[in-house]
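Just so it is clear: in the sequence shown, position 267 is 267 by the UniProt record's numbering, and no numbers are missing.
Source of the hints: derived by calculation from the structure; they are not laboratory data. Ideal Cβ positions, reconstructed from N, Cα and C, are used throughout, including at glycine. Check before you lean on any hint, since a few could be wrong.
As the list claims (entries may be wrong) - If you anchor each label on the Cβ, the simulated ranges turn out as follows:
| no. | residue 1 | residue 2 | range |
| --- | --- | --- | --- |
| 1 | Gly94 | Gln153 | 15 to 25 angstroms |
| 2 | Ile35 | Ser124 | 17 to 27 angstroms |
| 3 | Asn38 | Gly119 | 18 to 28 angstroms |
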Amino acid sequence: MRKFFNFCFEVEFYLKIAITCTIVQQIFYWLLHNIELNFITQVLLYWLVGSISFYSIGLFIEKVIKNNDNLREKLTARVKKVKTQPFPSFTAKGIITGEIKSFIAALIILYLAPEVNRGNSLLSNLGWFLMRIIVADFCFYVSHSLLHRKFLQKIHLKHHEFADSSSFVAGHKSLTEYIIVTITDLLPIFIFGYDITQLCAWTIIGNAYNLEGHSSLSIFFVPSDFHDLHHSCFKRNYGIQGFWDRLFNTLNPPTKKPGIMFPVAYLEHITMKLSNPLN
1 MRKFFNFCFE VEFYLKIAIT CTIVQQIFYW LLHNIELNFI TQVLLYWLVG SISFYSIGLF
61 IEKVIKNNDN LREKLTARVK KVKTQPFPSF TAKGIITGEI KSFIAALIIL YLAPEVNRGN
121 SLLSNLGWFL MRIIVADFCF YVSHSLLHRK FLQKIHLKHH EFADSSSFVA GHKSLTEYII
181 VTITDLLPIF IFGYDITQLC AWTIIGNAYN LEGHSSLSIF FVPSDFHDLH HSCFKRNYGI
241 QGFWDRLFNT LNPPTKKPGI MFPVAYLEHI TMKLSNPLN
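When you get a sec, could you build the whole thing from the sequences and use the hints?
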């Protein structure tokens with residue numbers, strides 16, 4: 001029974017990503033399908049969507065949700081306590097450097113990847129995004145696990161300066177790691193091509209689950225302290241979520257966060273409680 005719930009737990013995450021990406025893609029398609037976008041316009045759009053969503057989602061989590069005591073207590077996923085750390089402040093130099101990296105990455109990605117038009121079919125887009133998150137999770141698992149090997153650890157240590165975590169730790173990487181993670185995350189785009197509406201949708205939702213995953217909260221996408229445990233222990237839990245870690249036996253079992261936003265964890269909690277009424 002528990003193995004069944006574990007499988008459903010991971011599938012729920014993949015489906016959430018695919019469904020929300022499909023919804024956001026429909027919005028971009030409605031806005032853009034009658035507009036002819038040249039290469040530079042697409043690069044600027046992709047870069048701006050990524051940058052604006054990254055900072056706005058991160059600030060909303062850190063300054064709105066975490067500043068509300070009730071919400072913070074209710075949504076906190078971290079179970080293993082760690083020493084509170086001060087996080088680095090934003091600086092003009094840091095923001096400018098980050099935006100230059102993001103713009104160059106957007107330029108290279110759209111230049112190298114073939115452009116395709118996948119339209120607005122709900123079913124085909126849902127299937128595309130479902131494939132996209134499963135493949136992206138696998139690519140991230142492989143690259144991330146390699147970054148924890150002794151000969152590559154130095155590249156990744158900047159990100160692991162924090163055992164405690166904050167949303168914007170998601171972007172706290174060395175340049176080399178940034179390049180590696182960007183390439184592996186976008187490998188499916190190089191192989192299968194990009195539709196600008198899909199790419200913009202993926203960027204927003206990708207920023208949302210990445211920032212949430214580093215926030216120590218379970219808000220909508222992240223249903224456990226999976227990534228918190230990775231930062232606390234520096235090993236295991238190398239994927240975006242636990243599917244590939246479970247498959248390759250590198251899982252540090254997370255504490256699931258039951259609630260209305262996480263129906264599988266809630267159903268498992270109720271089922272186990274009914275089957276073990278004395279616990």
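Checklist entry - Hint by hint, which ones does this structure get wrong, listed from lowest number up? => result none
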